[in-house]
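A.B. asks: Protein chains in written order, with this note's numbering: chain C, 100 to 209; chain W, 2 to 115.
Among the hints, erroneous ones may be present.
As the list claims (entries may be wrong) - With beta-carbon atoms standing in for the labels, derived distance ranges:
1) C:A116 to W:P71: 48 to 58 angstroms
2) C:L145 to W:R23: 14 to 24 angstroms
3) C:G115 to W:R96: 29 to 39 angstroms
4) C:S111 to W:E55: 39 to 49 angstroms
5) C:Q179 to W:A3: 22 to 32 angstroms
6) W:L40 to C:S111: 18 to 28 angstroms
7) W:H68 to C:G108: 35 to 45 angstroms
8) C:G153 to W:E52: 29 to 39 angstroms
9) W:A3 to C:A116: 30 to 40 angstroms
10) C:L145 to W:K14: 26 to 36 angstroms
11) C:K166 to W:Q18: 38 to 48 angstroms
12) W:R64 to C:D154: 42 to 52 angstroms
Hints listed in this document are in silico derivations from the structure and should not be mistaken for laboratory results.
Treat the numbers as computed from the prediction; the structure is a model and nothing was measured.
Ideal placement from N, C-alpha and C gives every residue a C-beta, glycine not left out.
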Amino acid sequence: QKEVEQNSGPLSVPEGAIASLNCTYSDRGSQSFFWYRQYSGKSPELIMFIYSNGDKEDGRFTAQLNKASQYVSLLIRDSQPSDSATYLCAVGGSNYKLTFGKGTLLTVNP
Amino acid sequence: DAGVTQSPTHLIKTRGQQVTLRCSPKSGHDTVSWYQQALGQGPQFIFQYYEEEERQRGNFPDRFSGHQFPNYSSELNVNALLLGDSALYLCASSRPGSKGETQYFGPGTRLLVL
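Please model the entire structure based on the sequences and the hints provided.
C.D. replies: This is how it looks when you write it as structure tokens:
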């Protein structure tokens, strides 16, 4: 059983649309949840973290967490071509490591 | 505020050789984690160092070893390189604290084993 699973991509959305990225995790002891953005050939860049159930908004980004369903998502509003990247979901908390999904490639078309 | 730095940026080695990668954490951070990212995959946890000791280890063989220095910088050593060790090696730093602390990544070292 995969520990962190992300919706299979690639995901393509038009400029200005909402992009929705999803992630499920298996460890019920998980305490912290992260979304990283990774441009091709670059390292992961933290864009959001969330610890509590509910929504957390930061600019155009909203992270949503549902611990009962073991589900975390990232919404990107008013998507821009510069948002085109691989989005990595990472889960931490029952130990010291972060466990990552394989990532979802997002393409925003002008 | 200096972020996480890593050196070298790229490295080419042949099978059987040994390699050492280096990392300096973000200012104010004293915990360093190492990850391996193969092409098309998410990063895989190798180990974490805190107070100059290995605190946790992922599912990597003993060929992978590390060290943390008193100034919190860290090294990752890989012995007897295999073709499958070709990957992006990422260092992440974090503050001390509870499990699940936010980790910030350096630019990575891209290793190619021929």
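A.B. asks: Using the C-beta atoms of K166 (chain C) and Q18 (chain W), is the stated range 38 to 48 angstroms upheld?
C.D. replies: holds (46 angstroms)
A.B. asks: Do G153 (chain C) and E52 (chain W) keep their Cβ atoms within the hinted range of 29 to 39 angstroms?
C.D. replies: holds (35 angstroms)
A.B. asks: Between L145 (chain C) and R23 (chain W), is the Cβ distance one that fits in 14 to 24 angstroms?
C.D. replies: Roughly 22 angstroms apart at Cβ, these two residues keep to the hinted range, so it holds.
A.B. asks: Taking 29 to 39 angstroms as the hint, is the beta-carbon distance of G115 (chain C) and R96 (chain W) inside that range?
C.D. replies: With a Cβ separation near 38 angstroms, G115 (chain C) and R96 (chain W) satisfy 29 to 39 angstroms, so the hint holds.
A.B. asks: Okay, L40 (chain W) versus S111 (chain C) on CB: inside 18 to 28 angstroms?
C.D. replies: holds (21 angstroms)
A.B. asks: Starting from the hint 30 to 40 angstroms, judge whether the C-beta atoms of A3 (chain W) and A116 (chain C) obey it.
C.D. replies: holds (37 angstroms)
A.B. asks: Holds or violated: 42 to 52 angstroms for the Cβ distance of R64 (chain W) and D154 (chain C)?
C.D. replies: holds (44 angstroms)
A.B. asks: Within 39 to 49 angstroms: is that where the Cβ-Cβ distance between S111 (chain C) and E55 (chain W) falls?
C.D. replies: Hint holds: Cβ distance 42 angstroms, inside 39 to 49 angstroms.
A.B. asks: Within 48 to 58 angstroms or not, the Cβ separation of A116 (chain C) and P71 (chain W)?
C.D. replies: Holds, at about 51 angstroms.
A.B. asks: Taking the Cβ atom of H68 (chain W) and the Cβ atom of G108 (chain C), is their distance within the range 35 to 45 angstroms?
C.D. replies: Roughly 38 angstroms apart at Cβ, these two residues keep to the hinted range, so it holds.
A.B. asks: Can you let me know if the beta-carbon spacing of Q179 (chain C) and A3 (chain W) is within 22 to 32 angstroms?
C.D. replies: Given about 29 angstroms between the Cβ atoms, the range holds.
A.B. asks: Look at the Cβ atoms of L145 (chain C) and K14 (chain W) and judge whether their distance stays inside 26 to 36 angstroms.
C.D. replies: Between L145 (chain C) and K14 (chain W), where Cβ atoms are some 30 angstroms apart, the hint holds.
Violation of the numbered hints given earlier is absent; every hint is satisfied by the structure.
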